[in-house]
Every structure is written in structure tokens, then in C-alpha cells.
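Sequences listed follow chains A and B, in order.
At position 271 of the first sequence the residue is numbered 282 (this note's numbering), and the sequence of numbers has no breaks.
At position 317 of the second sequence the residue is numbered 328 (this note's numbering), and the sequence of numbers has no breaks.
Treat the hints as calculated values from the structure; they're not laboratory data.
Note that the structure is a prediction, hence the values are computed from the model and not measured.
Just so you know, same-sequence chains aren't split out, so a pair can sit in one copy or run between any two.
In silico DMTMM-like pairs for lysine to aspartate or glutamate, Cα to Cα no more than 20 angstroms straight-line:
(1) K125 / E111
(2) K301 / E427
(3) K210 / E25
(4) K252 / D343
(5) K406 / D253
(6) K170 / D78
(7) K91 / E421
(8) K257 / D426
(9) K257 / E286
(10) K155 / E352
(11) K282 / D251
(12) K434 / E92
Protein chains: 2
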Amino acid sequence: MPIPILHCDRNSKEELSRFLSGAREDLSTATNRILPILEGVRNRGDLALFEYTEQFDGIKLSELTIDPKSVKTNVDPKIKEAFLRAKSNIESFHNAQKRESWSQVVDGNRLGVKYTPVPSLAVYAPGGKALYPSSVLMGVIPAKIACVPSIQLITPPQKNGIPEILIWLAQILEIDRIVTVGGAQGIAAAAYGTQSVPKSEFIVGPGNSYVAAAKSFLSGQGLIGIDSPAGPSEVCIIADKDANPKWIACDMLSQAEHGEDSSAILLTTDKTLAEKVKDELEIAFVERPKRLSMKQKAIYENSSIIVFPSMDDCIWFSNELAPEHLEIQTKDNESVFAKIEHAGSVFLGPYSPVAMGDYISGTNHILPTARGSRIYSSLGVDTFLKRVTFQEVTKESLETLYPFVKLMSELEGLDEEHGTSVKVRTIGQK
Amino acid sequence: MPIPILHCDRNSKEELSRFLSGAREDLSTATNRILPILEGVRNRGDLALFEYTEQFDGIKLSELTIDPKSVKTNVDPKIKEAFLRAKSNIESFHNAQKRESWSQVVDGNRLGVKYTPVPSLAVYAPGGKALYPSSVLMGVIPAKIACVPSIQLITPPQKNGIPEILIWLAQILEIDRIVTVGGAQGIAAAAYGTQSVPKSEFIVGPGNSYVAAAKSFLSGQGLIGIDSPAGPSEVCIIADKDANPKWIACDMLSQAEHGEDSSAILLTTDKTLAEKVKDELEIAFVERPKRLSMKQKAIYENSSIIVFPSMDDCIWFSNELAPEHLEIQTKDNESVFAKIEHAGSVFLGPYSPVAMGDYISGTNHILPTARGSRIYSSLGVDTFLKRVTFQEVTKESLETLYPFVKLMSELEGLDEEHGTSVKVRTIGQK
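Looking at chain A on its own, in the form it has when it is part of the complex (with noise of 0.2 angstroms):
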């Protein structure tokens, strides 16, 4: 039962229909069973913190908040090289984002735009086998750049403590303070505030489904901003006949490794290319058998090869599919991209897998997911920045202006205030 291939062209709806679903997770499950918890945390503050904690993850808490700087860590020199090279790259590619207030004369008043960053942010790392440090420097550098004033990391206990490497990364990163609360408790905790843990503003961070139905229950209130709903991994591939089949295939393993709901679809013109990838795949399974079964579920369920009979036709499937990481690996990937409408994060040319902006390269792997690219972007300084709108008008052209307010707020029904406190600015109506 290997990969499918699957040979389409345009008018093959059935065929691909079923690859543009793009339904988000449903949370409604998972949105009821965290409903009493946010409850609890709103209710009982640091009380409920200790006890859902106990109760879902077995560890009884004497503090909720750790103070990075009172801790020692001593983590691997390698390990800190690798990730002070990461985080450098981070920094270089998001300084760049990073825009200045500005304002210019439109119809003789000043109009500009000041950018303030968000008041507050809380990082969600998972704990336990989702151990992502790499996804605490792609949450909180950019916001570091926002200058967004305070920053929480917050995070599941663990049996054997904190990891010294988030230890150490909330020190470099000079977060503010670590809070040992998982879960949908620990969401709660930042969106409420408790005695211990204050309100965060905003949110961003992958978890499981409960973090997933707490991030969005809470944001739908208005209590919370958050990055977009992240799904499951994925990958959209377009090659052509000169790319390489098993670094193709190494890629698409890339996704599955994340879970077996994850897809990698290559979309190709070369009937060889596909045959090759597959058998490739095959290869892979047996000579890198970890998380096997995950692994093919992902490939065999999830994935697919589809031969197109256009680069053309490749391009507008990857655009419809809206992926969260899209690899151009052809003759011409320049030409390929501009074409390019909705994806994440683009990968361009044989030595860009997305392992390496997961990593290093300085892009962020905050990304969003189920073709919400359509809409949404990955996660960036803009995230964490607003438009603050401004104008001062001047008496001259208030003046100038005020017949045209006149008749815009008579046709709306508004003159009689709004047309009234143009009217009183007016010459003569001091």
C-alpha cells in the first residue's frame, strides 16, 4: 500500500476536492471538557492552577511561576552554539520586518500611522514528548523586536523539572518569568491573570487540542489575541522531472514525522519523478524505521504524489491547496514563485527543506495551517505590532472640507451631531 499517485488535470473536482476541504480541527469535544477548567482558573485563580495541575499531570507544584534569572542552567556549549546561531538568524530576518511610524500631508492635514506594539504576550511551549525550544525563539523574538514590554513563557511541569534548555532560552531571551502551568489551565492562567500569573494580552505557541480549544474559545470572547489556529503539518512539494526523488521523499517524511494526521503532497509534471518518489518512500521506511507506523499512516492516508500536465497546472493546485510549507524545486523556481499566491513559507530551490527554516535559516516556522494562508500570514513583527492611525487637521481645510462632510452626513442621517461639529469649527460659528 504505497503513497498514491494520482493523475489529474484541472477538471478532476472529485479527485481533488478532497484535499481542499481545509476544515479546521473540530475542537467542539475538546471545547467542552476545557469550558470548567477556564471556569475554574477564572473563579479560583492560583487555588485551581495547583489543582487541575496535580490532577492532569500528576506533579503536586509548591510555586506556579519560576524567575529565569534564579535558576543555573548548564546546557551543552554545542547546543547553545546551535541555538545562538538560530536566534541570530531569527533576529536578522525580523529586524528587517520591523517598520517606522510615518505620516505625509493628504488634502493639507497630516495623516500618519504610529506603530505601538501589543501590551503583553505569553509564549505557550508543550511539554513532555512536544519538546519544541526551537518554537520559543519563533515565538518570542519577533515580539522582543515588537518591543512588546512583557513576555511569559508558559509551559507544562515536568516530572524532573523544567527543561534547562527553556531555562535557558527565557534567560537569552530575557523573558520575564516561566509559568509551570500546561494545558488548557495554563491558556486560562494567561488569558485571566491570577494572583501569580499576570494577564497576558496575547498568545501565540503550538499545543495540543485542549490549548487549541482554549486559545480559540478564549480569543472568541474577547479575551485573548492569538496567532491563527494551528492544524496539523504540511508540506506541498512541486517539482519537476530534474528534481531529486529521494530528496523529495526525505521532505515529505520531514511532515510525517510531526503526527500521523500531517500530508506532504508533491505536485509534478513527470510520470518518473512521481514513480521514483514513491519507491523512494518505500525505501525510507525501511532503512529509518522510527515512528514507523506514524510515519506511513501520514504517507499512505494523508499524502499524495498528483501528476499535472502543466507546471502551470501545478502551480494553480499548490494556490488552491494554500499549503503551510510549499518547496519549488524545478528548472526555474523563480518564474514558478512569482506565480505563487497563498502558502506559509516558500522554500525555493534543491537546498531549502523545510527543516531548515524550521531551524535555522532565520524564517519563522509559526505558520498557518488547513489553507489558512488564503487569509492569514506566518507569524511576524507585524503580529505583535498595531496601526495606530492619526491625523490633525487644519482650520483651512476643515474649512474647505465642512460642505462635503455636510452632505455625506445628511445622506447618512448623522448631520445634526456630525455635521454640527465640523459646522461649529467653522468660521463665524466660534
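Following the hints, complete the assembly by docking chain B onto the known chain A.
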């Protein structure tokens, strides 16, 4: 029962807390009512739109859409001139917001951001008494500048047909079609698509609580992107002793004119100004009695004048409020504005009443309410542009960075495939 005047300082937690609930409008009742409507439109498409329009609007439609180009309009040239002036100013301010794609080299690799527009947009325009053609300009112009390829206008049908001003605006803004279906069914048509109404990926614009509930629910399901949820309109005014009390009263009443749940908060250091504004409000109620009970309810029940000991206290509380509109009328507006962190749109100086921005100055009037400006921005070109990040890694850089990726992926338990996808591309592994 005049407007309340409060004397507060930063410790007046109890008096001030009621302004800070920031509770988003409770849409649960509205949500329950619209769910069957959404389901009806999803399942029965056009047929459901015809039925609901007859049921809720009492209008039997023969067609659901209008091609603006096919209609002759006869709008007063003076009205046209006013809207064209506004259009020109809004275009100037929003053109200045447009950003160019860029790339730069980071650690040997080319990294960049390509801006692409959301694929399609629906702009909702309420009908009847709340006919705000100015909002059509505000919703459509930023999207046009972002090059959104497909834009439709959703608006309830009227007994006497769609108002000419809306059709004319659709013509000059080159809107693809007008969908003459309002309320939750109009929003559902845009989110799901029907036989006559193409699906839109994004929807913006004000509406009643059914419209707000439909937008919120469908956005939560991942079916459509929305602007920040719009609640009742608000203004905060920071003023000192030199400000004109009559003008301030007018500006407060401009907000009150929107609805009885609107609010206007004056923050001042000057008791005399506070008293004078209170008196001017009473005078205005006598002089301009249109919508009197609505305006009085907004002013007496939802508004306040708060006297603080210092200008810094006024600024502090304004940042706590994070108001939709903020007017600054003081001796030194620039230094006050420099300390403003959270506001939707700011109006500097005596000649900048909110009404100027509502209609004609060029800034956008679709703004976050209910303290949303702590984390959200006004509508702008950025609302409709996504940052697609990209990277092209060189062979040399991949070789150099591989050892770091290896260490980091090992730490995250993802070395087998993530690590391998980089390793296979290094020398000697081909």
C-alpha cells in the same frame, strides 16, 4: 440628570473599573437564532436566500445579484463630488500603506517577504436607517490597493430598490457585483457561496448583532476571515483648560448619535472645563433635539467626564481604555500623543473632530472597539495583504548549518527525518 463628573486618580479602581470591562457584546442569543439560517444557506443555496429574504425583509426577489455596470444611476453631482473627494483622500492615505516585497541575505541565504492579497472579499453594507455609504469606501479602497482580485458588496434589499448611491459607488469602485441579501443569510452566502453568489474568503463591514454573530461564528469555523469584531462606537477625549467646551460637547454627541449604547469619555485635568462641557451638553440637547432620548441615554448612562490630577494620569487611563477614537485637545498634543500606546485612530488638535475622519480626511473609520485596540489595528491595506515568507538556501550554507540542525532536531526528537532531510543534501551524501 446631567453627565456624571468623576474625580479620580490611579487608585480609583472601583470607579474606573466599569469603563474597563471591555466585554465584547454577548452574541450568544443572536448566534442561536442564526445557526439554522447559516445551515439553510449552506444546504439549499440560492433557494434559501430567496426564502429568508421574503421571510425577514418582506421582499420577493427575482434576482439575488446586480451587476453594477448594468444599472443607470442618477446621483446628485454635489453628492458625487463629496464622495469623490473622500475617495481621493482615502486612496492617498492607503496608498502610502502599501508595502513592497523584499529580500535580504541572512547567514548566506536569501530570505524575504512577498506580499500577496487575500483572494476575495465581501464588504457588508447595512441598509435602511443605518445606510452608511461612507463605509463602502472604507472597506473597498484598502482592498483595491492591496489588489484583491474579486470584491462583492453584500447589502439588504430595500422596498424601493438598492439606493442609487450604493450602486454608483459600486460602479466607481469597480465592485464585481452587489448581492441584495442582508443579515446572517447575506453573510452566509458570502462565506459558503451559492449558485449565484461566489464564495468570498474575507468579509468586512458593520452590521447588526445577527450580522456580527454570523461573521464571528463563521470566522471561528475557519470559513471566512473577518475584520475585528465591531461593537458600539466610542470616543475618548483628552483635553486641558484651553480646550473649547462647546466643540468637545459636539464631539461627544457625535458618538452618542450612533446609538444609545455608544460612549464618550472626557479625560481632563481641569474642573472648570468639566463643568462647562457638562453644561454645553445640556444646551445641545435643547438646541438639537433630534434622536434626543438615544443621545441622552448614551451620554447619561454610558458616558462620563473624569477629572484626573495630571495629564499623565489622563494618558494612563486613555491607554487603559484603548478607545476606538481618541481626540487630543491640549496645549502640547505631540507630547501627549507620544505616550499613547493603544487607540484605533487619533485626532490631534482643535480642528480634528472625529467626523472629519469618519468621512473625508482619508483615515479609515472601520476601527477596533471594546478595548480591541490593545491588540488590533484599524482596517487598512495590511488587512488584505499576507506576508508570504520565502528562502533560498545555498549549498554552502546548508553544509555550514547542518551540524546545528542536527543538534537541534535531536533535542526535539525529530532528527530521523528533519535531520536527514538536511544531511542527504550535504557533500558525500548525494
